[in-house]
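Chains as they are written, first to last, in my numbering: chain Z, 1 to 414; chain Y, 1 to 998.
For the record, the hints were derived by calculation from the structure and aren't laboratory data.
Wrong hints could be hidden among the right ones.
[Claimed, not checked] Going by beta-carbon spacing under 8 Å, a handful of chain Z positions derived as facing chain Y: (1) Trp24; (2) Pro27; (3) Met331.
Where is the CB? At the ideal position from N, CA and C, for every residue including glycine.
Okay, here's what each chain looks like letter by letter:
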Amino acid sequence: MKRYSAFAIAREALRHHTGWERAWRSPEPKKHYDVIIIGAGGHGLATAYHLGKDHGIRNVAILEKGWLGGGNTGRNTTIIRSNYLQDPSAAIYEKSRSLYETLSQDLNYNIMFSPRGVIMLAQTEHEVRGYKRTAQANALQGVKTEFISPQRVKELVPIISLDGPRYPVLGGLWQSRGGTARHDAVAWGYARACSDMGMDIIQKCEVTGITTEGGRVKGVETSRGAITCGKLGIVVAGHSGHLADMAGFRLPIESVALQALVSEPIKPCMDVVVMANTVHGYMSQSDKGEMVIGGGADGYNNYTQRGSFHHIEETVRALIETFPMISRLKMLRQWGGIVDMTGDRSPILSKTPVEGIFMNCGWGTGGFKAIPGSGFAMAELMARGGSSIADPFSMTRFREGRFIDESVAAGVAH
Amino acid sequence: MSTRLATGGRLIDRGARVEFTFNGKRLSGYAGDTLASAMLGAGQTLMGRSFKYHRPRGVVASGAEEPNALMGIGTDGHFEPNQRATTQELFPGLTARSQNHWPSLEFDVGGINKHLSRFLPAGFYYKMFIHPRPFWKHVYEPFIRQSAGLGAAPRDRDADTYEHYYAHVDVLIAGGGIAGLAAALAAGRAGAKVLLVEQAGHWGGRAPVDGAVIDGKPAEAWIKDAVQTLEDMDNVDLRLRCMAAGVYDHGYALCYERLTDHLADKAGPRHRLWRVRAGRIVTATGAIERPLSFAGNDIPGVMLASAVRDYVVNWAVSPGDRTVVVTNNDDAYRTAIALKKAGLEVPAVIDARAAPEGPLVEEVKSLGVKVLSGKAIAKVKGRKFVTGVAIAAQAGEGAVLEEIACDAVAVSGGWSPVVHLWSHCGGKLTWDEAQAAFRPNPDKGPTGADGAVFVIPAGAANGEMATSSVLSDAHAAGAKAAGADAGDAPTAEVTAEGPIAPVWMMPQGAKPELRAKAWLDYQNDVKVSDVQLAAREGFESVEHAKRYTTLGMATDQGKLSNINGLATLAHALGEDIPQVGTTTFRPPYTPISMGSIAGEARGALFQPLRRSPLHGWHEANGADFEPVGHWRRPYTFKRGDESREQSVAREINNTRQGLGLLDASTLGKIIVKGPDAGRFMDMLYTNMMSTLAPGKCRYGLMCSENGFLMDDGVVARLDEDTFLCHTTSGGADRVHAHMEEWLQTEWWDWKVYTANLTEQYAQIAVVGPKARKVLEKLGGMDLSAETLPFMGWATGTLAGIPARVFRISFSGELSFEVAVAAGQGLALWEALMEAGQEFGVMPYGTEALHVMRAEKGFIMIGDETEGTVIPQDLGLSWAISKKKDDYIGKRGQEREFLASPDRWKLVGLQTLDGSVLPEGAYAVAEGTNANGQRNTQGRVTSTYHSPTLDRGIAMGLVKDGPDRMGEVLTFPRVDGTGVEARIVSPVFFDPEGEKQNV
C-alpha cells in the first residue's frame with residue numbers, strides 16, 4: 001500500500017494524479033475463508049480489521065450486498081461520545097472513542113476525528129439529576145465528563161438561547177473529548193487497511209442463505225456463489241433479522257427509520273456538538289459548514305430508508321427554540337436510515353445458537369460512535385470466544401433480564 | 001459585457017424602475033426582474049465565489065437549478081444566506097451581498113486555492129493532514145472550516161413568521177408550465193379537486209420563450225386563457241411561488257409557498273408550508289438543461305443556452321454582445337435565433353455533431369451564423385469574464401484549430417427530465433438512449449395505500465420534449481389522475497429536430513490538463529478529472545464517487561451536474577450509464593426554510609405550556625417555576641430576598657408544624673370504567689385492585705412489560721365499575737397511552753373505557769397538623785377520622801363548592817387532597833388561604849414536596865426509579881399481590897437477573913458529618929472490573945437537606961442494603977474526595993406514622 005501524505009499528493013500532482021492506486025482491491029470471492037463477515041459497514045470492516053491486526057486472522061472476506069459503508073455508516077450524524085451511564089456501555093464506547101483518537105494515524109487515512117466536545121443539555125430538573133449522576137459514574141469509569149453551568153454552555157455555544165420559553169437550559173453534561181468524524185472516511189479507511197492486509201472485500205455480493213451442519217456454521221450462499229468459512233460474523237444493522245432468520249434463530253430486534261437532515265452550508269458558527277434530549281434534537285456543524293441535525297425515530301417498524309415528515313418538523317421546531325438563528329437557514333436534504341432497536345436500546349455482540357456464528361447488531365440510533373470499539377470487541381469475541389467488553393452485550397441478557405438500559409442518560413437521541 | 005436591451009422583455013415593466021443594492025453598490029432594474037436579471041442588466045456578471053477553490057463565478061442558469069449566483073439577502077432579522085439570485089424576484093430596497101470571499105468579491109484571498117487546485121484534488125483531505133495528530137483539531141480543521149461554508153451565519157432572531165396549511169385534494173399538480181396547465185385543465189374539467197402549484201412567479205414556464213404555438217395561438221395567449229379557465233373553476237386552486245418540495249408515502253406532499261420574499265412589505269407570514277394529502281400527484285416539473293464539460297466552462301459568461309434565451313426574451317438582458325453557442329443538440333439553435341432576433345452577434349454555433357441538419361439549423365444558417373460541425377470548445381479564455389473560445393475537433397485531444405473572440409458562451413448538452421418528485425418515494429428510472437437522459441420508468445412508480453402508482457409524471461418531466469407531445473402527455477396525465485377519459489388534448493405546431501449526440505467530454509479525448517479545468521459541479525468545484533480519479537481509486541459505486549468527490553452535494557443538489565458526473569464515471573469505468581445508476585433523490589426539491597418547517601410553533605406556541613387552574617395565582621404570588629412534563633409547577637414560593645433553599649425550608653417547617661397547601665392539580669387522573677374494569681386494574685397494577693371497596697383508596701404500582709416500575713399513585717374506587725387512577729404529573733399521558741395500548745392490542749374484547757380527566761379537576765393538598773381544622777372551618781363536610789379514615793375518600797361540599805376529598809398523604813402529615821371542578825379550583829384555593837390565615841397557612845412547591853416525601857422514605861418515580869428498578873428493589877414487595885395469576889411485568893420480574901438476591905436495594909443514607917450527599921454519587925467497592933472501571937456497590941437516588949432534621953438525608957440503592965444497617969460506605973465526589981455515609985432505614989421521620997394517622 002502506498003502511504004498517503006502531503007508529499008504523496010505533491011508527487012502525484014505533477015503527473016495529474018494518474019498514479020494513485022485503488023484504495024481497496026475488488027477481488028473475486030475464494031471458495032473458503034477462515035472468517036466471513038457479512039456487511040461491509042463500519043462495524044463489519046472494523047471487526048475484520050481487528051481480526052487481522054490484533055489476532056492475526058487475515059484469511060477473511062467481507063461480503064457486502066451493495067456498496068461498502070452504504071448503510072447507516074454513511075447516513076448518520078457522526079457524533080462520537082462515551083458519556084454513558086452503565087458500566088458496560090461506558091466501557092465499549094470509551095474504548096471506541098479512545099481508538100478514534102488515533103484512528104487516522106493507525107489507518108493512514110484522515111478520518112477527521114474532531115474532538116470538539118459534546119454537550120448534552122439538561123432542560124428539566126430531572127435531566128439535571130440524571131446528568132449529575134452520569135458525571136459521577138463516568139468519573140469511576142475513567143470517562144472524562146463534567147456537569148457544567150448554563151453560563152458555560154453559552155460560552156461554548158454562543159448561538160444557543162438559554163431561556164427558551166418552554167425548556168430553559170439548566171446546565172449540561174460536557175465531554176470535551178467527544179466530537180465528530182467524517183463517516184464515509186471511517187469506512188473507506190478501514191476498507192483500505194483490510195484490503196492491504198490481504199482481506200477480500202466483495203461488494204455487490206448478497207448473502208442469500210446460511211448453511212449449517214450439526215448446529216455449526218458451514219458457509220454462506222451468495223449471489224456470487226457458495227463460500228465456506230470457519231466462523232461467520234453477521235454485522236448488518238437494519239437487516240439483522242433477515243440474516244438471523246437464514247441462520248435459523250430469532251433476534252429481539254425491531255427495525256425503524258431514523259431521520260436526519262442538513263442545512264445549506266454557512267460559515268462557522270458552532271464549534272461543538274449539542275444534544276437536546278428533552279426535545280429530541282441534536283445538531284453540529286460539519287467541516288463543510290452544513291448544520292447536521294438528527295431527530296427521533298419513527299414510531300412504527302419499516303425498512304424504507306426514508307421516514308415520515310412529522311419527525312423532521314418536531315426536531316426542527318425544537319432546535320429553532322434552542323438555536324433561534326437556524327430559522328433563517330434552509331433544509332438542504334433529509335434522509336432516513338434503518339436502525340435496529342433492542343428491548344433495552346443497547347447493542348448485541350454475541351455468540352448465537354449456531355456454533356461459529358456471531359452477531360453484532362442492535363446499535364439503534366448510536367452505532368457510528370462505537371465502530372472502532374465494536375470492531376475491537378467483536379474481533380476478540382470471534383477470535384477467543386469471549387471478551388470483557390463484548391460479554392455483557394450477549395443476547396442471552398434479554399432472557400435473563402440483565403438489561404443495559406441507558407434511558408436515564410440517553411433519552412431518545414444518541 | 002452583459003447589458004439591458006433597449007426593447008423587449010416580456011416579464012419586465014419598464015415603467016417601474018426598482019432600486020436595490022449589491023455589496024453596498026446602488027443598482028437598478030425593473031419590476032418583474034429577478035435579482036439575477038437585474039444584475040446582468042446592470043452589467044454585474046461576477047456574482048460569487050465557488051466553494052473550494054474560490055473561483056470567480058457568474059450566473060449560469062435562470063431558475064431553481066442555479067448553482068453559482070447565491071446571495072445573502074436582507075439585513076438583521078430578515079437576513080438569509082444562500083438565496084438564489086435567479087429565483088429571488090426584485091423589489092425596491094432589496095439588499096444583496098455576495099458570499100464566500102474575503103476581503104471582497106473582486107479580490108478574494110481564498111482565490112489562492114485555485115492556483116493550488118492541482119494539489120487539492122478530490123478527497124485530498126483524506127490523504128493529508130494526518131500528522132501531527134493534534135494539528136487536525138487545532139490547525140487544519142479550523143482553517144478548512146473557515147474557508148468552507150458559503151453564506152454568513154444569521155445572527156439575529158428571525159423577524160418573520162411562518163404558517164402551515166393543510167389541503168386534501170384529488171390531484172396535486174406540481175409545475176405550472178404548459179404541461180401543468182394542460183394537466184390541470186383535464187383534471188379540473190373532469191371535476192376533480194385540483195391544487196396546481198408553480199415555483200416561479202409566473203405561469204407557463206418556458207413555452208413562450210421557445211415561441212411555441214398552441215391550439216393556433218401564441219403560447220403567451222394560450223397560457224393566459226388556460227389560467228383564466230382554471231381560475232373560473234371552483235374545484236381548482238392555483239398558487240404561484242409555491243414549490244412542490246417533497247413527496248412522501250401515501251400521497252403526502254409538501255408544498256413551499258413564498259409569500260413575501262418578493263415584496264418590499266414583509267407584513268404577514270413569510271412562508272407557508274402546505275401539507276397536502278393527494279389522491280394522485282402529477283409531476284409536471286419540466287426538464288433542466290445540462291452543461292457540457294470543457295475546460296473553462298465555469299468562467300463567468302458561460303451560461304446554459306436556455307438561460308441565455310430566457311434572459312433575452314423574458315427580461316431583455318443580453319449576457320454578452322458576442323455569444324458563441326456550443327451544443328450537441330438542436331434546441332440550442334433556438335438561442336442563436338433569439339440572440340440574432342434581439343440584434344446581438346453570434347460569431348458561431350459550435351456543434352459536436354458531425355452533420356447537424358434540420359429546420360432550426362437551416363434557420364440559424366440563414367441568419368448568417370457560422371455553424372462549425374464536429375467541433376468542440378477546447379478551452380474558454382478569460383479569468384473573471386469570458387474573452388474568447390479556442391475551437392478544436394470534438395474527436396480529437398484538444399489541438400486548437402481557431403480562436404473566436406466573444407464575451408459569452410451559451411452551452412447545451414441536452415435536457416434532463418426533473419424526476420425528483422417521482423423518485424422521492426421510490427419511483428424508479430429508465431435510461432432513454434435517444435434523448436440521453438433518465439426518465440420515469442412507468443412500470444416502477446411509487447405506490448400508495450391502494451397499491452396503485454400515485455405519482456404520474458407529465459410532459460418534459462416524463463421525457464416528452466416536443467411541445468405537442470408535452471401537451472398530449474400532460475393532458476392524459478391530468479385525466480388519468482382524475483380518473484377520467486382523456487378526450488382531446490391541446491395541440492401544438494411541431495418543429496422537427498435532429499437527434500442529440502451524447503457528449504460527456506469536450507473534446508472527446510481531452511488531455512488531463514483540460515479535464516482538470518472542466519467543471520461538473522460548479523458550486524462544489526468538482527471537475528471531470530476528480531470523478532476520473534475517484535474511479536481510478538476504486539470508488540466505483542455512484543454513491544462512493546459522489547461522496548468522495550462531493551459531486552451533487554452542494555445546495556443545488558446536482559441539478560446541473562449529476563448526469564454529466566454519472567456519465568463521466570460510467571465512461572471511466574467502461575460501463576453503461578444505466579448500469580452505474582443514479583444517486584438517491586432526497587426531499588426537498590430545492591431547499592426550504594427551517595422557519596417554514598416549524599411554522600407557527602415557535603416562542604410561546606412551541607409546545608404550549610400546560611397551566612394548572614391555579615397558575616395565575618402562583619405567578620402573582622412569587623412562584624419560582626420548574627418544568628415538569630409539559631407543565632410548569634412552582635418549585636417554591638419565594639418571599640422577599642430569600643434564597644431558594646431558605647424558601648423551601650420555610651415551607652417545609654410551616655407545613656410540618658402548621659398548615660401548607662400544595663397545588664396537586666397536575667397529578668394524572670385517569671378514569672377506568674366498565675364491567676371489566678376490576679379485571680383490567682388487576683393486570684395494570686401489581687396490587688389487587690378488584691377487591692378495593694368503593695369509598696376506599698389504595699396505593700398502587702404499575703410496571704412495564706419487562707417488570708420495571710414505571711408509575712405509582714393512589715387509586716380510588718368510585719363505584720363498582722369505576723376506578724380513578726392517580727398517576728405522577730409527568731407520567732399521566734404515558735400511563736394513559738400504556739392503558740390504551742393494552743386495551744387496544746391485547747384485551748380489545750374487555751369492556752373497559754378509559755378517560756384522562758387530568759385537566760378536568762383542580763386538586764389541592766391541604767397538609768399539616770391544622771389541615772382538618774381549616775377544612776372544618778370551610779364547612780360542609782364531616783372529615784373526622786371516624787367518618788373519613790386514612791386511605792378513604794368522600795364527596796360533599798366545602799365552602800359551598802362540590803368536592804371529592806381523599807384522605808391520603810405524601811408527606812407523612814395529616815393530609816387531605818381536595819378535588820373540585822377545574823373552574824372552581826381558584827375559589828377553593830383562595831377560600832383555603834383566607835380560612836388558613838389564623839393557622840399560618842403557606843403554599844408550598846415541588847421541592848418541599850420532594851423533601852418531605854424523602855424524610856418519610858417514600859419513593860419518587862424518576863428518582864428511585866429510572867427504568868431499571870423493580871418494586872422488589874424498593875422494599876415494595878408488600879404492594880405486589882401474591883394471589884394474582886398475572887399482572888403486567890410479573891413474568892419479567894421472574895427472570896434470573898431480576899429475581900436475583902444480589903440486586904441493589906433501597907436504604908436510607910446518612911452522612912457521618914451531616915452534609916448532603918452529592919447528587920447521583922456512587923458507593924465504591926474495592927478494586928476495578930475487567931475493563932478497568934472502579935467497582936461500585938450502591939448509589940444515591942435522592943439527596944436533600946432536611947430542614948426537619950437539620951441534616952443531609954438521602955435514599956439509595958445498595959447491594960444487600962437492608963441487611964447492612966449501620967455499615968459505612970464511601971461515596972467519591974467528582975473532584976476525587978470522598979463522603980462517608982451510614983446505611984440507615986429510609987424512613988427518617990415519624991417511622992410509626994403517628995402524624996398522618998390522626
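Checked hints:
Nearest Cβ of chain Y to the Cβ of Z:Trp24: about 6 Å, under the 8 Å cut. The hint holds. Hint status for Z:Pro27 relative to chain Y: violated, with the closest Cβ pair at about 12 Å, above 8 Å. Hint status for Z:Met331: holds, given a least beta-carbon distance of 6 Å to chain Y, under 8 Å.
Hint 2 alone, counting from the list given before, is not met by this structure.
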